[in-house]
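S.K.: Okay, here's what each chain looks like letter by letter:
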Amino acid sequence: MNVVIVGAGPAGLAAAEHALWAGAQVTVLDQAETPGGQYHRMLPDAYAAKRPERVQHGRAEFDRRRRVLAHPRCHWWPGSAVWAFDRAEKAVHILRGQSDGGGRRRLTLVPDALILATGAHDRTLPFPGWELPGVYTAGAAQALAKGERVAIGERVLVAGAGPFLLPVAESLLGVGAEVVGVLEANPFSTVRKGWSSRPWRLAAHAGKAGELARYATTLARHRIPYRLGRAVIEARGVDRVREVVTARVRADWSVVPGTERTYEVDAVCVGHGFVPQPELAVAAGCVLDDGFVRVDAAQRTTVDDVFAAGEITGIGGAVTAAAEGAVAGCVAAGGEPSPELIRARDRALAFADRLATAHPIGAAWRSWLSEDTIVCRCEETTYGELTRAAEDTVCPGPHALKLGTRAGLGPCQGRICGPTVSELRGGTERHHRPIVQPIRLGELAARTEGEPG
Amino acid sequence: MSGWLLPRDRDPVGRTDRPIRITVDGEPVTGIAGQSVAGMLLAAGWTSWRTTRSGAPRGVFCGIGACFDCLLTVNDVPDVRACRRPAADGDEIRTQSREENA
Ligand SMILES: Cc1cc2nc3c(=O)[nH]c(=O)nc-3n(C[C@H](O)[C@H](O)[C@H](O)COP(=O)(O)OP(=O)(O)OC[C@H]3O[C@@H](n4cnc5c(N)ncnc54)[C@H](O)[C@@H]3O)c2cc1C
Ligand code: FES
Numbered sequence: 002m003n004v005v006i007v008g009a010g011p012a013g014l015a016a017a018e019h020a021l022w023a024g025a026q027v028t029v030l031d032q033a034e035t036p037g038g039q040y041h042r043m044l045p046d047a048y049a050a051k052r053p054e055r056v057q058h059g060r061a062e063f064d065r066r067r068r069v070l071a072h073p074r075c076h077w078w079p080g081s082a083v084w085a086f087d088r089a090e091k092a093v094h095i096l097r098g099q100s101d102g103g104g105r106r107r108l109t110l111v112p113d114a115l116i117l118a119t120g121a122h123d124r125t126l127p128f129p130g131w132e133l134p135g136v137y138t139a140g141a142a143q144a145l146a147k148g149e150r151v152a153i154g155e156r157v158l159v160a161g162a163g164p165f166l167l168p169v170a171e172s173l174l175g176v177g178a179e180v181v182g183v184l185e186a187n188p189f190s191t192v193r194k195g196w197s198s199r200p201w202r203l204a205a206h207a208g209k210a211g212e213l214a215r216y217a218t219t220l221a222r223h224r225i226p227y228r229l230g231r232a233v234i235e236a237r238g239v240d241r242v243r244e245v246v247t248a249r250v251r252a253d254w255s256v257v258p259g260t261e262r263t264y265e266v267d268a269v270c271v272g273h274g275f276v277p278q279p280e281l282a283v284a285a286g287c288v289l290d291d292g293f294v295r296v297d298a299a300q301r302t303t304v305d306d307v308f309a310a311g312e313i314t315g316i317g318g319a320v321t322a323a324a325e326g327a328v329a330g331c332v333a334a335g336g337e338p339s340p341e342l343i344r345a346r347d348r349a350l351a352f353a354d355r356l357a358t359a360h361p362i363g364a365a366w367r368s369w370l371s372e373d374t375i376v377c378r379c380e381e382t383t384y385g386e387l388t389r390a391a392e393d394t395v396c397p398g399p400h401a402l403k404l405g406t407r408a409g410l411g412p413c414q415g416r417i418c419g420p421t422v423s424e425l426r427g428g429t430e431r432h433h434r435p436i437v438q439p440i441r442l443g444e445l446a447a448r449t450e451g452e453p454g
Numbered sequence: 554m555s556g557w558l559l560p561r562d563r564d565p566v567g568r569t570d571r572p573i574r575i576t577v578d579g580e581p582v583t584g585i586a587g588q589s590v591a592g593m594l595l596a597a598g599w600t601s602w603r604t605t606r607s608g609a610p611r612g613v614f615c616g617i618g619a620c621f622d623c624l625l626t627v628n629d630v631p632d633v634r635a636c637r638r639p640a641a642d643g644d645e646i647r648t649q650s651r652e653e654n655a
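Line by line, the protein sequences are chains Y and B. Just so you know, we're using the working numbering here: the first sequence kicks off at 2 and counts up by one. Just so you know, we're using the working numbering here: the second sequence kicks off at 554 and counts up by one.
Only chain Y is shown next, with the shape it has when bound in the complex:
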């Protein structure tokens, strides 16, 4: 059996480990130069860090897991962007070389089984001014702080929804930024209900509870306010953000008038959860549910010999991603997953459920928007243009909407505005992109170099 895994995050690495155990030949691809994905983000080799565990949570676990990449039956291909999947030939198309560079090598692999573990990126809901430089996703702040030791600003506000805001605030403090506050839009009642329903299951996530307690202590030590039921509703500045407006919001995230507060900041980072990156799964023809790749109990997608694991199947953090990867790796290699492996995966999925109920996106968030708020960052399509086009009965449907407003047609191809635009239209349909990663015409024309061992 020859198994190809796309993504070397927690899901992909666990998949590699278990596919190797089941006896397969494994190739692991990642567009990044270092393994680890988002959670186990590594410092650049050139930093020659003596104590990387100071910023990398779960470093011991990661060191153990990444050792699989040196296994004699494992090929590890860093710097390899998978840009397409050919359904007819079941071929994985790869560009290997510098990120977005010219002159990358074009390669193809035709595996017996393919495991997609391409992860997620931040979801940030639009608000007036979110396109200003100095407004970042929470993940961007995290990636720069944890992965490079760069602070995005001196005075930073962290806002949005979900427990991920806490490690972001901690990492910002770690690189010397002043965090003026951490705002969770959901009220205490929603968060508590989500986390403490079925309390008998909490024992399984004791590790997570400890992690949260540590973040809480860090915030308290630095006297950083953590507020629930408050959201960023506007960023202001001429050529970059200078101040941000927050407001109390109700459980449905509608703004409580008169509760606005302005903070002077030079950066703000906002994350309202994560969006899966299912482009390859779409190219392979896998069925999606609400943007996530549909999998069965063995992590099989709806396409033969294509498996999916990690945050492309649902948002549940690194432990969930790894538990899914383990099952996918085992089954893809023709093995039979042990009951423990399945139980661990199911327990992890229960955690993902809680996460979703404790930190939902309130339906009334669109009350922050005004007519001229930009929704599609690339094409600068406004909320007003979108609502007018959506109400136009002459050309209904998402394609007419796209062509009429250009939303989703810019460089990011709807990665950022896609979920928002479909939500504003009242639908869930999101992904049509057959090209996974942009590729230069010269590279497309170049001869494929074949299939190295």
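Think of the hints as simulated: they come from the structure by calculation, not from any bench. Be aware that a few hints might be false.
As the list claims (entries may be wrong) - Selected chain Y positions facing chain B (in silico; Cβ < 8 Å):
hint : residue
1    : E155
2    : G443
3    : E444
To be verified - Restraint ranges, calculated between C-beta atoms of paired labels, are given here:
hint : chain 1 : residue 1 : chain 2 : residue 2 : range
4    : Y       : D64       : B       : R563      : 47 to 57 Å
5    : Y       : G259      : B       : R606      : 32 to 42 Å
6    : Y       : E341      : B       : D642      : 46 to 56 Å
None of these values were measured; they are calculated from a predicted model. Here a beta-carbon is modelled for each residue, glycine too, at the ideal position from N, C-alpha and C.
For this one, chain Y is given, so just place chain B with the ligands on it according to the hints.
M.R.: For chain B with the ligands alone, kept in the frame of chain Y given last:
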């Protein structure tokens, strides 16, 4: 000031800093080996280096290659995502514009 690179002597990870230098529209910018182009620019005080169709400024947004807000030209190759590209000593960077009348 806005962005910055945590100084080595304050960084508990115990880094080794090897200085590198690139130019941005001809202006020299210094950083350390291993930084992304985006990280170097942010730490040097840039917040934007691209303009949109309407001429609005953009820099980093998502930090991981999803939003394409951070595009710039590296050694004459356009549309490189600054957040995904490790900087190399001597890189010549140019800022980009998508302005319709530019
Ligand atoms: C910016 C960001 C920072 C985060 N930081 C943290 C954190 O510090 N702590 C935390 O608890 N959670 C963090 N998360 C949440 C995180 O997504 C998950 O908990 C976990 O990393 C998910 O694991 P995964 O294996 O599913 O995906 P990921 O870890 O995202 O791994 C996916 C991998 O696939 C690769 N990939 C994707 N598409 C392609 C392609 N076409 N070709 C080649 N390679 C590809 C990516 O380079 C990546 O390495 C972060 C999320 C984001 C978006
Ligand atoms: S900041 Fe989003 S692609 Fe670089």
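S.K.: Each hint needs a verdict: does it hold in this structure or not?
M.R.: Each hint, compared with the structure:
no., hint, result
1, E155, "6 Å, holds"
2, G443, "10 Å, violated"
3, E444, "11 Å, violated"
4, D64/Y with R563/B: 47 to 57 Å, "25 Å, violated"
5, G259/Y with R606/B: 32 to 42 Å, "37 Å, holds"
6, E341/Y with D642/B: 46 to 56 Å, "50 Å, holds"
Hint compliance for this structure: hints 2, 3 and 4 are not met, and every other hint is.
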